[in-house]
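Residue strings, one per chain:
There are 4 protein chains.
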Amino acid sequence: MPTNCLGDCFTVNLFGESHGECVGALVSGCPSGLPLEIEEIQKELDRRKPGQSKVTTARKEEDIVHVRTGMFEGKTTGMPIVLIIENGDVDSSKYEEMRTKLRPGHADLAYHAKYHHRDHRGGGFSSGRLTAGIVAAGAIAKKVIGYFSGINIAGYTKAIGNLEAQNIDLDEVEKNIVRCPDPKVAEEMVKLIEKVRAEGDSIGGLVEVIARGVPLGLGGPRFDNLKGALDRAFHSSGAVTAIEYGRGIGARYMRGSEFNDLPYSLTRKLPSFATNNSGGIQGGISNRNEIVARLTIRPTPSIGKPQKTLDVNYEAVSLVISGRHDPCLCPRMVPVSEALMAITLADVLLKQRAYEKF
Amino acid sequence: MPTNCLGDCFTVNLFGESHGECVGALVSGCPSGLPLEIEEIQKELDRRKPGQSKVTTARKEEDIVHVRTGMFEGKTTGMPIVLIIENGDVDSSKYEEMRTKLRPGHADLAYHAKYHHRDHRGGGFSSGRLTAGIVAAGAIAKKVIGYFSGINIAGYTKAIGNLEAQNIDLDEVEKNIVRCPDPKVAEEMVKLIEKVRAEGDSIGGLVEVIARGVPLGLGGPRFDNLKGALDRAFHSSGAVTAIEYGRGIGARYMRGSEFNDLPYSLTRKLPSFATNNSGGIQGGISNRNEIVARLTIRPTPSIGKPQKTLDVNYEAVSLVISGRHDPCLCPRMVPVSEALMAITLADVLLKQRAYEKF
Amino acid sequence: MPTNCLGDCFTVNLFGESHGECVGALVSGCPSGLPLEIEEIQKELDRRKPGQSKVTTARKEEDIVHVRTGMFEGKTTGMPIVLIIENGDVDSSKYEEMRTKLRPGHADLAYHAKYHHRDHRGGGFSSGRLTAGIVAAGAIAKKVIGYFSGINIAGYTKAIGNLEAQNIDLDEVEKNIVRCPDPKVAEEMVKLIEKVRAEGDSIGGLVEVIARGVPLGLGGPRFDNLKGALDRAFHSSGAVTAIEYGRGIGARYMRGSEFNDLPYSLTRKLPSFATNNSGGIQGGISNRNEIVARLTIRPTPSIGKPQKTLDVNYEAVSLVISGRHDPCLCPRMVPVSEALMAITLADVLLKQRAYEKF
Amino acid sequence: MPTNCLGDCFTVNLFGESHGECVGALVSGCPSGLPLEIEEIQKELDRRKPGQSKVTTARKEEDIVHVRTGMFEGKTTGMPIVLIIENGDVDSSKYEEMRTKLRPGHADLAYHAKYHHRDHRGGGFSSGRLTAGIVAAGAIAKKVIGYFSGINIAGYTKAIGNLEAQNIDLDEVEKNIVRCPDPKVAEEMVKLIEKVRAEGDSIGGLVEVIARGVPLGLGGPRFDNLKGALDRAFHSSGAVTAIEYGRGIGARYMRGSEFNDLPYSLTRKLPSFATNNSGGIQGGISNRNEIVARLTIRPTPSIGKPQKTLDVNYEAVSLVISGRHDPCLCPRMVPVSEALMAITLADVLLKQRAYEKF
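Chains as they are written, first to last, in my numbering: chain A, 60 to 417; chain B, 60 to 417; chain C, 60 to 417; chain D, 60 to 417.
Keep in mind that the hints are not guaranteed to be accurate.
One copy or two, it doesn't matter: identical chains are merged, so the pair holds either way.
[Claimed, not checked] Below, a list of computed lysine-lysine pairs in the DSSO-like style, where the Cα atoms sit at most 30 Å apart: (1) Lys113 x Lys243; (2) Lys102 x Lys364; (3) Lys367 x Lys234; (4) Lys134 x Lys153; (5) Lys328 x Lys119; (6) Lys134 x Lys364; (7) Lys364 x Lys328; (8) Lys250 x Lys134; (9) Lys328 x Lys367.
If you are wondering where the hints come from, they were derived from the structure by calculation, not from laboratory data.
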């Protein structure tokens, strides 16, 4: 793929810096004539924005999206859409130390080695703040797949540490600040996060994303594999250490006779499956089951505890990070992960249309 | 990406069918002047070929590679390299039933729905046999990354079912037929596979792939993320249900203060890390640690037991698959996974060179 | 674009060498279920093959195409199609001198400088012989655009030297060996080429390619411009020094009031144009007029006359090229140019389908 | 290529509308650490901006560029660079008629048919105004190729109508308002344009662009051909009807013995050529000669004279365009063409570096 590009037909490019002027995304190849309200994009951004609850970073950002191009009289024109979110609460003073010190667990060292000249303020382009552009682009992608195909996407925090949702009630997800579909477990999660934060530490978790109403036939074999396309999107967030589909790591323990999803005929035109162990994708192609992806989210790299690290001259130094950070990334990774799945599905949906009428 | 294409600089396209004339790969963008012996490619193919042991399929294929273009007097010319492996043991009679019956767990149903006209014999292009082309292309990629950068890649079967290697001794891997780096566990694995095969069933496992000697700076941020590029390659095999890097799914349980890999200075020019929880990739970019990827491999979909499924008219039918199949894919997925990592690293290595002298 | 790749949906990769084992093409993303006879491909190759008349090279090649993958029971499967043409008349002895001497007007010097290790025999991958793969792939593309859209493509030699067709009768094109649509001028052209050949020289000309029946809306604005896509294809031949659309270089002398193609309504649903000065493409998008592209073809670089040049050590040497060469490339560039237009239109036709139902 | 994307390593995406909020470009893959002054970008934009002389449109735009991302302390960071030019003089009232009427010679009809929902105000994304983003991105590309390779690019108006520069003195180009390198002919050109404008008409011309100091080896064979890459860029402007390299259309009349550029040895390491008929590119690869591209520019489609056309219901209507337009595009196409060549060369220069050290 060309540098900084996701997708072939429906494409997204990102831009911006954590403590620069703005962050955002360029969406190209969106179908024309799609009715789109800024509120629909803003609603998704509000789910991602910092400072939304006591378990997220205290950075104050309104994250108002500006749709600067590609819209005309309330509808998309099919031309490139520039989405810009101006940075507001840009206090870079706390980052002055990072001009020379490389934060452990972050991209700082790799960026320093690869790019030399580096915007050290909050990680620049590598900051989690860049996911605002992803979420904004994803809101348009959600609209595309919903409007033209009926696909809808739902994400939630499945686990934090060893606390795991026991019941999945999607209606509960947005009712608690950790976005857990199990309200009881959600309460425990909040307590755990608060405890971890008080210790100056952070914690990992699991985010699950589901696409429902996916038509048969999206994706392709081999290098056009839908799982590969999704993974490429998911890994743009920087915080993902594992991605599973369907039974995921559990497939290791299973027999073929257990794992194989047996198809049956719902109607004469619509096959269905008794199980969904493969997570909705077989041979790289969607099979009409729900697509189920599960992302392991690493603990936030920025922590309050002092850490040993290197400076830009590769000398040993000690570092205490005093910026504002999420003690657990999961609650805000939910809308980000949904957006990345939506962007990928919008692209493969368009590509499938290129062929489906033949 | 264009259809059927992996990579930007060093690219691979696949072709062929399980029971057609041949399988193979086209490699483009390989640097010129690389000394390359056909034996180097053949050696890798021999590790993948069917019938190599009692735990693999009984299909008899010599899998002799033909390098038809792109070489001149023992060296690559920089021009496209066509690698062809002729099919030999093509007994399609056992597949006649699959002309109408869609094998559960395979791509058959998705292909039928997406492409309508389908080569049913052994799955056609969706067959695991296509990974021969991957392994052949990967042999060239291994040569590229070894010759120009010193990267070498090692894969092994880490687990089958609930049997897991306790000691990792890379010298042991090729000494046993399951390619397990722990000889004691290897013996148990062989027994388990034989038991599963006797039951007409199959079993899943874990394959781990490691790249050593990786320079700092391969990959890029966001959509140019090296994990995303690797995943896109790995998922081309069709049998992968989860991909982890470093601590992978274990990151969920960790605190940031545990997970963060603390850098220290090996020498003034070469940073190193006390741990490798992030699996050698931070912010999408290689950090000089070993790249550690772990693939969950699903149990082989083709099993001897009778299964309920649909035919091409979506009518319920019963199916007994009488072809020859691997009861566990892991042993042969080891060279395939290595090849996919090598291809990806060859590509990002070239791309990095575009920038590194600036 | 990835190395060696043309197209996004319908893609072509080339491979082979002039005096290696074979030449050919890999076609990916061809729609499935397309009925395709090898004869349809062979017929196009026969139009391009060497030795077909007294005005072409004397190299004897049957140029039999082998469709090695991607077909099943007479129809495409949607999977990659490998087209291979074995080299027969490979007499490399005449090229031994070119191991060190760089032929003027050819890619030899640029290849030597860029790739160092070079297949000097007949130019290797840079040989005009590689256009056999283009023509074979183009035959499939022609089938795609004809079957699914009704587009058909016609090319012809419009001019050789200062001889220019005065009447365009497409039925005449294949009736004369220069493929000129004006039989009278064709006779003069043959004489001119024979005269030039007798002098040990070569001559240039004009090839025009026309696509009829093109639907409204193929291509896109700016970087998705259809003229840009076509040019990228046309320049793969190596012999093109100028590409014009519609009035082409004549547009320079025109007023806007003359040049603008005025639309009128053929029927209420189908606009038409009084003129076709823009060659069927406006704002990068097909406008339902014929697409008219005109390629200036340089005189063949290989000539019998002695020439001064350099060797691989950049020492001055003299060279007499004794291989067999076309004194004028136009007659054989006709099917090649048609193929390149067909490949490009097949790709944009598929891409347009991705959007057209919205 | 993905939608709306030019380049692979150094990439450009465009956005904006003629009468929307802004126009601009996103540049990705620019090397980090490049010192860059906004003035350097602004200087190029000033050469393109409207209202700069009596022979250009009267639209008043300051065209101030804002570099919103990708820069830090005066240098590029290697991260995406957003360049935005706010629209100022947006008087859309004159375009209300074009809501339903499709302007002849423009993309209006093709856009209407392809996208249905269309920003009719000044052509939206298809407007020549979008070339401001190209010029801004090109200024960065010029910096890249100059800083890292010594390539510099010069463009000029070679001809308008039948007036053609007889002497090429590059120092004269910016001294006259038509950017003609021959001051005497420049005066006649100004008179011709004024005459044409007075008639409510427009006129075409020729723009030539030259790259000097190009290293050996940029580009590649076949589909990686440098001429194809350049053409794809040039055609993004929308006003180009023919592109020639070196002798261009003149090659038709030449013998091979005349056309072949004979190499000689300037020094032992640097070949040179007695002539430059091939325009600096052989076999798709730069040969160290100047790259010489010549673009035929059609007469401006917007003219003051009444024209017959269709409305969006394909009913016949008459149209008088009362907006402000350039009577000849050449003077402003000079910086645009330079920018497109610079962007393409920056990309192939980076790609060449991927291979050159091997």
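Hint check:
When the C-alpha separation of lysine 113 and lysine 243 is checked against a cutoff of 30 Å, the pair qualifies only within one copy, where the shortest distance is 18 Å, while the shortest distance between copies is 51 Å. In the homo-oligomer, the alpha carbons of lysine 102 and lysine 364 never lie at most 30 Å apart, since the shortest distance is 34 Å inside one protomer and 49 Å across protomers. In this assembly of identical chains, lysine 367 and lysine 234 lie within 30 Å of each other by CA distance neither inside one copy nor across copies; the values are 39 Å within and 42 Å between. In this homomeric assembly, lysine 134 and lysine 153 come within 30 Å of each other (Cα to Cα) only across copies, at 22 Å, whereas the closest approach inside a single copy is 42 Å.
For the identical chains of this complex, lysine 328 and lysine 119 are neighbours neither inside a copy (52 Å) nor across copies (39 Å), given an alpha-carbon limit of 30 Å. Taking CA atoms no more than 30 Å apart as the test, lysine 134 paired with lysine 364 passes in neither setting, with 49 Å inside one copy and 33 Å between copies. Taking the shortest alpha-carbon separations for lysine 364 and lysine 328, only the inter-copy value of 27 Å comes in at or below 30 Å, while the best intra-copy value is 59 Å. Within a single copy, lysine 250 and lysine 134 get their C-alpha atoms no closer than 44 Å, and across copies no closer than 45 Å, so neither meets the 30 Å cut-off.
For a Cα distance limit of 30 Å, the shortest separation of lysine 328 from lysine 367 across copies, 18 Å, qualifies, whereas the shortest one inside one copy, 61 Å, does not.
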